[in-house]
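Following the hints, position chain B against chain A.
Here the protein sequences come in this chain order: A and B.
Note that the working numbering has the first sequence beginning at 1219, numbered continuously upward.
Note that the working numbering has the second sequence beginning at 560, numbered continuously upward.
Some hints could be false.
To be verified - Listed next, the stretches of chain A that the computed footprint assigns to chain B, with coverage defined by at least 3 CB atoms under 8 Å from CB atoms of chain B:
#1 1228-1240
#2 1243-1255
Unchecked claim - Sample of chain B residues facing chain A (criterion: CB under 8 Å; computed from the structure):
#3 Asp586
#4 Asp610
#5 Val630
#6 Leu634
#7 Trp653
#8 Leu698
#9 Ala709
#10 Leu728
#11 Arg741
#12 Leu744
#13 Ala745
To be verified - Distance ranges between label pairs, derived from CB positions:
#14 Gly731/B with Arg1256/A: 41 to 49 Å
#15 Arg1256/A with Asp664/B: 26 to 34 Å
#16 Leu1249/A with His738/B: 22 to 30 Å
#17 Asp586/B with Arg1268/A: 26 to 34 Å
Hints were generated in silico from the structure; no laboratory data involved.
We put the CB at the ideal spot given by N, CA and C, even for glycine.
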Amino acid sequence: VTDDRHEEIAARLREEAAARAPERLRADVMLQVRAEPRPRRIRPRRTHWRPLGSLAAAACLVAAAAFGVTQLGSGTSGVSGGGATRAASASAGAGGAVEGRAIAPGPTLGAQSARAPSLPSTHKIVRGALNDRLDQDATYEPYAPALLQSTLAKRLTLAAPLRQAFAPLEPRQGRGTHTP
Amino acid sequence: VQEALTVALPRFEAPWAYHGRVQIASDEVLAKRAADGDELAFEELVVRYQDRLYTLALRITLSDADAYDCVQEGLVAAWRGLASFRFDARFSTWIHRIVVRKAYDVLERRARTAEPVDEVPAVSVDSPADTRIDLLSALAQLEPEFRVVAVACDVVGLSMDEAAAVLDLPAGTVKSRLHRARARLAEALQAEAAP
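Okay, chain A solo, but in the shape it has when bound:
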């Protein structure tokens, strides 16, 4: 069968096989359509704000993390200083009785402090907080769980290099050595 014959068949199909819809079809369809509830188009969601939103969320997270890191050094030094001062005054007032009950750092914390140069400041936090507690209750038996100690040690290990990196941004850093 040649291509011409194919074209002839196609042309005949186009001309002869077409049918007309019955007259009542349109009326019947529209009767049913009018009986149906009117549709409300579901408009597609605007998606071009979505990448911007995730970008803004990521930027907020980064900014919060940076702010937290900058506050870490100054916050720990301030609190630890206060705690140590209070601990020192308490120990002096109690005649060394409380001093003996103050918890020494555990072996894990001690090992970490040997490696991390800024360990004493956070160490003072723990000791200061415990001594504050001892000031309030003389019968308090302090106990620092091993999990807490390891968590603090990890935090110190991570915080030390970050603190060194952000040292130029630290407002309290180098206040004593500044000369006009």
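Same frame as chain A, but now just chain B:
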């Protein structure tokens, strides 16, 4: 000068004069208006497509009553589904696809229940009756998978790609089936013409 001044200017109709009247618009514009609940826009689409859809359903199902039901149910289903139609395909492809599925359902139901088709294929166009009957009977004798492709491409006038989308077939399959359908029709007509 006086005559020139008295020539009536073209009448300007205010925009609200067109309210409710469907102007010449694309299928997609009408479909969006119908999706918002505009019944007149949907009626315009029915007028545009009813003959093509009826032809498609009639040549697939080979029954007037079944074709009527397919088109009617398909158009009502389209009205219900327009709200969720995302317009990522052409309206034409979508509406043809709905009716083709309805027609396939009829064929499957017949195959399950061995329902006989006792109606003569409709003849509704002006052409010599004897040759037309020959062609239509030859078309009706084709297997459904070949007949559907021949009807979609040659009778309804869909392009290869659009027929592939409507029938959910690869374009290559549509092309080969169309070629074989035309060849079989030519052979059948040649055999009938021979004494």
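Do the hints match the structure? See the list:
1. 1228-1240: Result for this restraint: holds, n = 12.
2. 1243-1255: holds (count 9)
3. Asp586: For Asp586/B, the interface hint is violated, since the closest Cβ of chain A sits about 16 Å away, which is over 8 Å.
4. Asp610: holds (5 Å)
5. Val630: With a closest approach of 6 Å, the Val630/B hint holds.
6. Leu634: holds (5 Å)
7. Trp653: For Trp653/B, the interface hint is violated, since the closest Cβ of chain A sits about 15 Å away, which is over 8 Å.
8. Leu698: Hint on Leu698/B: holds, closest Cβ of chain A at ~6 Å, below 8 Å.
9. Ala709: holds (7 Å)
10. Leu728: violated (19 Å)
11. Arg741: Result: holds, 5 Å to nearest chain A Cβ.
12. Leu744: OK, holds: Leu744/B within 8 Å of chain A, min 5 Å.
13. Ala745: Where the cut-off is 8 Å and the nearest Cβ of chain A is about 5 Å from Ala745/B, the hint holds.
14. Gly731/B with Arg1256/A: 41 to 49 Å: For Arg1256/A against Gly731/B, whose Cβ atoms are near 42 Å apart, the range 41 to 49 Å holds.
15. Arg1256/A with Asp664/B: 26 to 34 Å: About 27 Å separates the Cβ atoms of Arg1256/A and Asp664/B, which means 26 to 34 Å holds.
16. Leu1249/A with His738/B: 22 to 30 Å: The hinted range 22 to 30 Å is violated for Leu1249/A and His738/B, with Cβ atoms some 43 Å apart.
17. Asp586/B with Arg1268/A: 26 to 34 Å: 31 Å Cβ-Cβ, so the 26 to 34 Å window holds.
In summary, the numbered hints that this structure violates are 3, 7, 10, 16.
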